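Note that the protein sequences, when read in sequence, are chains P and L.
The first sequence begins at 2 in the numbering used here and counts up one residue at a time.
The second sequence begins at 130 in the numbering used here and counts up one residue at a time.
Be aware that one or more of the hints could be misleading.
Result set (DSSO-like, lysine-lysine): computed pairs, CA atoms no more than 30 Å apart in a straight line [as the list claims (entries may be wrong)]:
no.	chain 1	residue 1	chain 2	residue 2
1	P	Lys8	L	Lys254
2	L	Lys201	P	Lys8
3	L	Lys137	L	Lys164
4	P	Lys3	L	Lys272
5	P	Lys413	P	Lys3
6	L	Lys323	L	Lys149
7	P	Lys325	L	Lys349
8	P	Lys4	P	Lys14
9	P	Lys325	L	Lys254
10	P	Lys325	L	Lys201
11	P	Lys325	L	Lys323
12	L	Lys149	P	Lys413
13	L	Lys253	P	Lys4
14	L	Lys201	P	Lys413
15	P	Lys330	P	Lys8
16	P	Lys3	L	Lys149
17	L	Lys164	L	Lys272
Hints are computed from structural coordinates only; laboratory data are not their basis.
If you're wondering where the values come from, they're calculated on a predicted model, not measured in any experiment.
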Amino acid sequence: MKKFLLKGIFNDKGRSLLPIIVVATGTMVTVLLYSWITGIMGESIEMSSNMNTGDLKVMTRLYAEDYEQLPNDLAILNADALIAELKEMEPSVEWVKRIRFGALADFPDSLGETRGQGPVAGWAIDMLTTGTKEPHRFNLEGSVIQGSLPKSPGQCLLSEDLAKKFSIGPGDSFTLFGTTMEGGFSFRNFTVSGTVRFGAAGLDRGAVIIDISDAQSAFGMESAAGEILGYLPDTWYDDDVALSIKDKFNQKYSGDTDGFAPVMMTLKEQSGMADMVEYTNYISGLMVFIFVAAMSIVLWNGGLLGGLRRYTEFGVRLALGEDKGHIYKTLLYEALMIGTIGSILGTIIGVLIVLYLNVHGVNLSGMMKNSTLLLPSIFRPAITSTIYYIGFIPGIFSMILGNGIAGLGIYKRETARLFNELEV
Amino acid sequence: MDNELIVKLENVTKRFPAGKTEFTALSNINLTFGKGEFAGLVGPSGSGKTTLLNIIGSLDTPTEGKAIVLGKTINSLSHKEAAALRNYGIGFIFQTYNLLPVYSVYDNVEFALLLQTMGSTQRKKAVMEALDWVGLADRASSKPSTLSGGECQRVAIARAMVKRPQLVLADEPSANLDSNNSHNIVQTMKRLNKELNTTFIFSTHDQKVMQYLERVIYLKDGKVERDETGGNNHAGI
């Protein structure tokens, strides 16, 4: 019977072509949207992790209460000792010091007088220690537009947009005005070694990147760090692993009532990242639901039309001794086969498009000009194992649902009228 | 003809709702058909021929009376039991052939056997034998659209006969055929009737068919008007 049904599907284009096109299209769009959303969210999460949150972040309790304000006066005082302790506890995690700061950049003219001033968002990272992974984490080499990476203390990187705005380039100097850890006024001259563009509008407007030792010196934070970030060995953030490390660490300090005692947070707990991760899952689920519903309605109608077109066939089958339940089952079986064929086709096409877009990317920098979010400008759909099967959910389910509803009409057919119906 | 009873109708009455009243399609029909009979139901339109075929074919049930077909009481069969009775015991031949256009001749004939539990080798043998009976073994792979009307009806006969049913019901089988084809078709059925001892019951008003019938039952207004046995003298209807 299966062979018989397959022959029907392949011989009868009216039975299979439209449903296969609908299912393949829906499957393809599902694969594309899923990988697109996952890609955007994944890259955003990855970017946030690399530049801002880490997979884990250690701060003092008081700093953590207001960590988005970057309160460096509440920084970790003996950061190196804490890093040593963290390394002992979790040797597989890479622990790095960071100081984030807001400051005012003063750009001088040839006489040393102020030519222009502008606020900058500062990152102090380890750029000068041999073997440091921090420049790679920020993709500094790939982001350099002019000049080169800092090679010695006192050098820094400026965002290309900021440098252009103040007509400053590699070799030029400027003064950074900020506050010390004690709340005092501080200023330090820096030489621009290069300019960078990250492809993230929030960063490219006014970022300055200096070495952590310069920041410690400039802001009176010797041996201190605003934050210690931890990076898990896996490429992708794993919330379960991060949570277990966090719980273990925080448990250790649970009895310490000092406001400067360290506390650990996971990526998901910071800066609305939980919402972003949840949102990704929610959007994926919603998308599958929408496609199941929309395609089911189309395929239901297709099934009704097919039922009308195959009215005689069903009548003959009833007369020949096939019972209604069996006919209904064969309709569902046909739907399963057509849904599978359409889903395979749609998945192949969708994955091919995803592969192409993943290599070439889609540049949306024009749309991100005014964004304050830490988002990449070039988006790429994500290639995950899910894209190979997610399209099958709406593809097969909608086909079976649509045909299942349409096929119920078979139960209303009166066999007593078969002779009359079949001889029209 | 054997004495074995294939169909027994006792006081069969069938009424259909017609607005607020009822229309009586069959009234107190008492008939029996034995094994190997080649009989016809004859009568004008509305006389109850098709309704009677429906009941004998387990497609409908009598409102009153009792219909026993192949030992099963039609009145008490569930849909599934009625389907099984048709599947194993009754073949149908329609006026408009009703072959499945997307399948080959072979597939159309084979379909009747797919509903039964039969191995593929045995099934293939049965299908080719049935096509051989109707002289279409060489057209097994053809699509119905490439066949003439007469050939289509012969495929329909093969489809009805392939499962070797004890009873074949044919509703106006020659109505869409020309004179030559009508004769051929009825001769084919007559031959199968003799060779396989299958009971054939026709609904017809075609003279060409009637001249081959061994028994003709005249229906009028849902009642049996005459029941003539003897054959080949049934003109003038």
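* To do: Would you pick out the hints that fail for this structure and give their numbers low to high?
  => Violated: hints 2, 6, 7, 11, 16 and 17.
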